[in-house]
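Number of protein chains: 2
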Amino acid sequence: MFRTNDQMLCLFESYLAQLEIPEEPALLYAPITYSISGGGKRLRPLLLLLSAQALGGDVQAALPAAVAVEVFHNFTLLHDDIMDNADVRRGKPSVYARWGENVAILSGDAMMICAYKSLSRVAADKLPRVMEIFNDMALKVCEGQQYDMDFEKKRKVSVVEYIQMIDSKTSALLAGSAMIGAVLAGASDDDVKRIERFATELGLAFQLQDDLLDSYGDTALGKKIGGDILEGKQTYLMVQAMSRASEAQRDTLRTTHSDPALTPEQKIERVKAVYDALDVARITEQQISQRFERALAIIETLSTQEELREPLRVFARNLIGRKR
Amino acid sequence: MFRTNDQMLCLFESYLAQLEIPEEPALLYAPITYSISGGGKRLRPLLLLLSAQALGGDVQAALPAAVAVEVFHNFTLLHDDIMDNADVRRGKPSVYARWGENVAILSGDAMMICAYKSLSRVAADKLPRVMEIFNDMALKVCEGQQYDMDFEKKRKVSVVEYIQMIDSKTSALLAGSAMIGAVLAGASDDDVKRIERFATELGLAFQLQDDLLDSYGDTALGKKIGGDILEGKQTYLMVQAMSRASEAQRDTLRTTHSDPALTPEQKIERVKAVYDALDVARITEQQISQRFERALAIIETLSTQEELREPLRVFARNLIGRKR
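For the record, the sequence lines run as chains W and X. Note that the working numbering has the first sequence beginning at 797, numbered continuously upward. Note that the working numbering has the second sequence beginning at 797, numbered continuously upward.
It is worth saying that the hints were derived from the structure and are not from the lab. Virtual Cβ for every residue (Gly too), placed ideally from N, Cα, C. A couple of the hints might just be wrong.
[As the list claims (entries may be wrong)] According to the in silico footprint, chain W covers these stretches of chain X (three or more CB under 8 Å from chain W):
id : segment
1  : 821 to 834
2  : 889 to 896
3  : 905 to 911
4  : 1094 to 1107
[To be verified] Distance ranges between label pairs, derived from CB positions:
id : chain 1 : residue 1 : chain 2 : residue 2 : range
5  : W       : Gln960    : X       : Ser1039   : 48 to 54 Å
6  : W       : Arg1046   : X       : Asp921    : 47 to 53 Å
7  : W       : Lys952    : X       : Asp802    : 50 to 56 Å
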């Protein structure tokens, strides 16, 4: 018997709902409850639990670690929102916007401690290794956030630097979650490494897809297109375009977002015209497919039974939005 | 053989100097190196190591945990400085002043993770209990900081509430450090509880002394007097005075610090006149002595040899600045 992804998600949500957050002081703990109960896709805990299941582990025993990665992820969002001056998170006011900066800093700190508190409830004999993975993962996420902020002030970001940044900022947390699930399942070192590579490739595909959809998403879905272009953000499309552009195109890519003479629509149109000329949407799409296929292929190498691989495939397909 | 407090401090400093902090990204890690190498009295790691020694433990084996409490303490200062808009720390620009707020938030986060990274190097069989103490201690410190910020907006803070706040903000980290040292030494639950009470009483005495010296310190030592009064801060002297004051005196205590017609010297003089009339310096001095004596008495109850108690007594005397 194995759990489907939906069943796994329900199991996680019901366990998370039992998490006891103190009431006082209210300004410390209310933002934590607000963040954790604010929804989100629960990708990281789900991947942790599916990895534990895929490698023959006891899913119940992995729940405290699943809570830890979800709480840690929400903590990073809470502090990122201060750094990015972001007022909205998941359609609601961010903690920073609702309670102010000092509350967001301190309740974020407490939230990280809550993550470690949950993590320390895993089986005692597994704790040292789980802590090691968690700490390395957590530091990598901070490094990724710092590189992302560094890039805002950098004139030229190479494709390699960009991939390294998203590897830290996005993939590390998925890879760490998958590894912890595997370690708790008592998986071999080889399987732990395989599931790490699976989650890393998948995380990169996921982030590249996010970059692609921001400029080429389906407007029919009601998603706003071009936010990254208007902010002048470094994205995979931008760094690829910059690496291929002529001097004139490079100038357009660099200056358009801050040109006061243009409307938002004109800015988006102008940058996308360069993207189209340089074929970066297709290049990005290829990268996504390659990494997605590589992730799927790694699933086949895990030492496990066929029926336990399928939930991982479903997770991967849902994440990248593919039917097969 | 046992180590004197100076020897213990040297041992700690030389171990701390070996701590490897990565170089890149520089804006994430340079502030961590800057904070940790910025000095400080190293009270918490020293107490952790002295507790381990007093209860017959291997001091070397306690070093990773000693680094963890010191790094955690420095992390709290880093984030506190943002919340308090504090530009100076230990005579140098604070991380917040030198690198700005975003860097201070993120490098503080990374610093907390570094603390956990060091902590996880303790003996594997002790890690679950050590983590439990560390997490509870860390959350308590956050609670104390939140209560302290709450008090700024509160009209009336009772003496009991104030003691609870400093118990969390100041004593918890000392008590947790002492407990971790004891646990690593393999001490009995009773001895762990005793050393917790010892450090708690000592921490309260230390904070009350700090409050007292801010208003009644020796100006000959070059210390500025009256900072707390000018900021309108809640201190033990203030909450004691408020609990004993007449309506008129209460009014003076509440409004003096923000009275634009008065010079700083006049403000300090006016508030201290009320303190003197209500005898709060003597009351505070009594509280300090009581708690200090209680802490010393607890040392005598530890299941250990006489020569191992003495370093703890020396630590207590140095902390409170007493000869005997």
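Hint check, failures only
Numbers 2, 4, 5, 6 - these are the hints that the structure violates, sorted from lowest upward.
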